[in-house]
Structures are given as C-alpha cells and as structure tokens.
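**Student:** Build out the structure end to end from the sequences listed, making use of the hints.
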Amino acid sequence: MRRLNAYINSNLNIKIMEDEESIRLLALTAKNDQQAFKLLYLAHSRKVFAYLFHHLKNTDEAKEVMAEAMLDVWKGASGFQGKSAVHTWIIGIAKNKMLMRFRSQKSSRWASNEDVDEFDELVPAEGMDPVMHLISSQHRKGVRRCMDLLPSKQSECLHLMYFECWSIDEIASFQQVPPGTVKSRLSHARLNITSCLVRLLRDGGGPTSEVPA
Amino acid sequence: MNQTLLELLPWYANGTLSPADREFVEAHLDDDPTFRQQLAFYKAIQKELQESIPEIRPDLGLAETLKKINEDISIKASKKKSGTKLNEWLLGLFNLNVIPRGVFAFSLAIVAAQTIVIGYMASNQSDDFSQIRASQNAPPSVGPFIKISFRPDAKEVDIRFLMIQMGATIVGGPSQLGDYFLFLSPDRTDWAAQQLRKSPIVDSVTVMATLPAIKE
Chain P
1 MRRLNAYINS NLNIKIMEDE ESIRLLALTA KNDQQAFKLL YLAHSRKVFA
51 YLFHHLKNTD EAKEVMAEAM LDVWKGASGF QGKSAVHTWI IGIAKNKMLM
101 RFRSQKSSRW ASNEDVDEFD ELVPAEGMDP VMHLISSQHR KGVRRCMDLL
151 PSKQSECLHL MYFECWSIDE IASFQQVPPG TVKSRLSHAR LNITSCLVRL
201 LRDGGGPTSE VPA
Chain H
1 MNQTLLELLP WYANGTLSPA DREFVEAHLD DDPTFRQQLA FYKAIQKELQ
51 ESIPEIRPDL GLAETLKKIN EDISIKASKK KSGTKLNEWL LGLFNLNVIP
101 RGVFAFSLAI VAAQTIVIGY MASNQSDDFS QIRASQNAPP SVGPFIKISF
151 RPDAKEVDIR FLMIQMGATI VGGPSQLGDY FLFLSPDRTD WAAQQLRKSP
201 IVDSVTVMAT LPAIKE
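Going line by line, the protein sequences match chains P and H. No gaps in the numbering here: position 138 of the first sequence is 138 in this note's numbering, and each next residue is one more. No gaps in the numbering here: position 119 of the second sequence is 119 in this note's numbering, and each next residue is one more.
These are computed hints drawn from the structure, not numbers from a lab. Glycine residues also receive a C-beta, built at the ideal position from the N, C-alpha and C atoms. Among the clues, some could well be false.
[Said to hold, decoys possible] Just so you have them, the derived chain H footprint on chain P, three or more residues with Cβ under 8 Å:
#1 46 to 52
#2 66 to 73
[To be verified] One-sided excerpt, in silico: chain P residues whose CB lies under 8 Å from chain H:
#3 Tyr41
#4 Ser167
#5 Lys183
**Tutor:** Spelled out as structure tokens, the structure:
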C-alpha cells in the first residue's frame with residue numbers, strides 16, 4: 001500500500017495500475033475499506049470517464065454516469081469473480097449504467113446499425129488521398145465528425161483499441177463477440193472513415209467543411 | 001499483399017502484439033508502402049481519439065461518490081441502531097437485563113403460529129386468498145434459471161414485454177453488467193430459452209442450475 005501511495009502521489013496523471021494491484025484493492029473495498037476504494041477510483045477514473053465521454057460527448061453527463069458506476073463498484077466489489085480484468089469489469093459497469101440511462105430516456109443514442117455501411121462509397125476516388133489528409137491533420141474537425149458518424153459498436157471498438165489500448169481478446173470479451181467480429185468491425189470502421197473523408201474532400205472540403213450526414 | 005501483416009497492423013499500432021508478432025511486423029513493414037501508410041492511418045486515428053477526450057483530474061467526482069457512500073453507511077447504521085433501541089426498550093419495559101427464556105420461547109411460538117397461518121393462506125386455492133398468493137415474490141431456490149442479456153439498443157419496455165410474454169418471473173437483475181435472471185416452470189425453461197434466443201433484442205441466453213450469489 002505504501003508503494004502504491006507513493007506512486008499515486010508522485011504522479012497525478014495516473015496510468016492504469018497492474019490488474020493484480022486492482023484485484024487487491026477491490027478485495028479491500030469489498031471489506032468496506034474506503035482508502036482502498038479511493039485508490040481504485042484514482043487509478044481507473046480517467047479511463048472510465050474517457051469511455052463515457054467518447055459515447056456521451058458531454059462532460060457533465062459523463063461525470064454523472066461515472067459517479068453512479070463507481071458507486072456500483074463500491075457496492076458490488078464482492079461480486080467481482082475474476083472472470084475478466086478489473087478495468088474491463090469496471091468499464092462494463094459504466095457501459096451498463098450508460099445504457100440504462102439511454103433506455104430510461106427511450107434514447108436511440110446507441111445506434112445498432114453496426115453491420116450496415118451507411119457510407120455508399122468505400123473506395124477513395126482518384127486523385128484524393130484521404131489518409132494523407134488525415135495524417136497531415138488539416139481536416140481535424142472533419143476527421144472527428146467522421147468518427148462520430150460511426151455506428152456505436154465500431155466506434156466503441158476504436159476507442160477500446162486506441163484509447164484504452166486493449167488487446168483483441170479483451171475487446172472481444174467485452175463486446176461478447178468472437179475476435180473475428182472485432183477485426184471485421186475495425187475493418188468497417190476504417191473503410192467508413194476513409195469513405196467519409198473522401199466525400200468531405202470531394203464536396204470541396206476545406207479544414208472547416210462539414211461532413212455529409 | 002501480406003494478409004497476416006495487414007491484420008496485425010492495427011494491434012501493432014496500439015502496442016498489444018506479442019513480441020513474436022511485433023518482430024514479424026517490423027521485419028515486413030518495408031515490403032510494401034501500403035503497410036506504412038496504413039500504420040500511419042491507425043496512428044493518426046489513435047492521436048485523434050486521444051486528443052478528443054478532455055483531460056480530467058483523477059479525483060473528479062470522488063468527493064461526491066464518497067459522500068454518497070457515507071450517507072449509505074449512515075442509513076444502514078441508523079437502521080441497525082433502531083433495532084438495538086427496540087431491544088433496549090423491550091428490556092426496559094419489563095425492567096429486565098435479559099429477556100427470560102420463557103418469554104423468548106413464547107415469542108417464537110407466536111412467530112411459528114403466524115408462519116403456519118400465512119403459509120396456509122398463501123397455498124390455499126380459493127379466490128379469497130388470491131391477493132395473498134400474488135404477493136409471493138421470493139425467488140425459488142431450485143432451478144433451472146435463465147440468464148439473459150439484451151442488446152445495448154433494447155428498450156426497457158420491450159425487455160419487460162418480452163419477459164412477460166414468455167410467462168417468466170424475474171428473480172434477479174438487472175445485474176451490474178445488465179443480466180436478468182428468469183424463472184419458469186422446469187418443463188418450459190428450455191422452450192423459453194429457445195424462443196428468447198430468436199428475439200432480435202436478445203444478446204445472449206444461458207440456462208443455469210442455480211442463481212449466482214445475490215449481493216445485498
């Protein structure tokens with residue numbers, strides 16, 4: 001615990017701690033140890049917030065759902081069975097809280113059209129290289145809009161992969177699908193972003209151009 | 001084009017490849033300019049994603065969460081205290097230090113008699129007692145049970161309607177991960193599980209012998 005405290009005190013921008021350490025803190029939390037819960041919170045809050053913000057696009061709402069989720073972590077710490085990593089379990093709780101909120105609001109913010117390509121043109125047109133435009137960072141607003149247009153599960157897949165840096169097996173387990181489906185979602189996400197950027201450029205896209213819906 | 005390399009590239013970009021796969025990618029990265037371009041694409045997406053999330057302090061919301069936890073603890077403690085006060089009041093009423101064995105046995109006898117009467121009323125088939133029977137809601141102790149999870153976009157109203165349609169009793173859930181636990185008569189469980197699997201709003205259905213430990 002002393003080693004962990006020193007680590008946390010020395011680095012406010014805390015990186016995710018080893019799962020072994022999280023399991024130990026979770027076990028202490030299950031015994032109503034608030035100090036252990038605080039450390040667990042500090043270690044995971046940024047990732048939980050990021051996941052929620054990625055989908056909700058609203059800081060206050062993400063903060064509210066995170067508080068509800070972390071309260072559930074406190075109450076349900078003894079229910080952790082070790083079937084997944086602690087960070088996967090906590091983000092699973094946060095996801096469920098978010099979905100419950102969508103359901104109670106009868107919201108359709110979580111789009112289910114994961115297997116439908118909303119973008120009709122998947123091959124970049126001649127003379128346009130959307131990838132190079134993306135890399136040059138001159139169309140950042142457009143790139144973000146293109147990512148926001150992705151179906152929820154593709155978007156979630158990208159987030160877990162490139163923000164949380166999860167492995168393919170972790171993402172597959174979290175999304176409850178085979179690894180092949182994760183690869184497929186990723187591939188569709190890439191094609192969709194490329195296609196969206198092509199349309200943006202073709203329609204006279206400058207850096208501030210809107211992405212066609 | 002090397003298909004394996006293409007499949008490994010996204011995971012090379014996020015740093016989760018095994019050392020052997022990482023070496024494989026690095027050895028072949030220069031084989032085709034497309035590989036480098038795709039890698040650059042993934043790295044750019046990664047950068048964009050990371051920069052799109054506002055930086056927060058790790059203790060954001062911690063104070064509020066701890067406040068709620070302590071409120072919860074206070075409520076539980078005050079309930080416990082009320083129970084102790086009642087006990088002390090009873091002892092004070094009879095000016096006693098401990099409840100005599102005879103009084104305790106008498107109290108137990110009253111509770112047992114009430115249990116028998118309520119049990120009889122609850123199991124009686126006549127309509128007079130139907131309201132009492134309807135209030136029986138303790139989960140059955142013997143399975144099988146159905147564990148079911150729903151697609152993220154499923155609406156609460158559709159979930160409830162589906163479960164009612166099957167004639168299932170919800171005996172647990174939604175759990176922290178969104179699972180519900182259902183009970184039907186054993187001869188209908190497998191049939192119901194098959195029907196539920198066909199529903200477009202259902203994600204997964206598992207028939208299980210016992211319920212998982214339900215935490216307070």
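**Student:** All hints, please: hold or fail.
**Tutor:** Going through the hints against the structure:
Counting residues of the segment 46 to 52 of chain P whose CB falls under 8 Å from any CB of chain H gives 3; the rule of at least 3 is met. A stretch counts as covered by a chain when three or more of its residues have a beta carbon under 8 Å from one of that chain; for the segment 66 to 73 of chain P and chain H the count is 5, and the coverage holds. The beta carbon of Tyr41(P) is positioned within 8 Å of a beta carbon in chain H (closest approach about 5 Å), and the interface hint is therefore held. A least Cβ separation of about 4 Å between Ser167(P) and chain H falls short of the 8 Å threshold, and the interface hint therefore holds.
With its C-beta approaching chain H no nearer than about 6 Å, Lys183(P) sits inside the 8 Å limit, and its interface hint holds.
The structure is consistent with each of the numbered hints, conforming to all of them.
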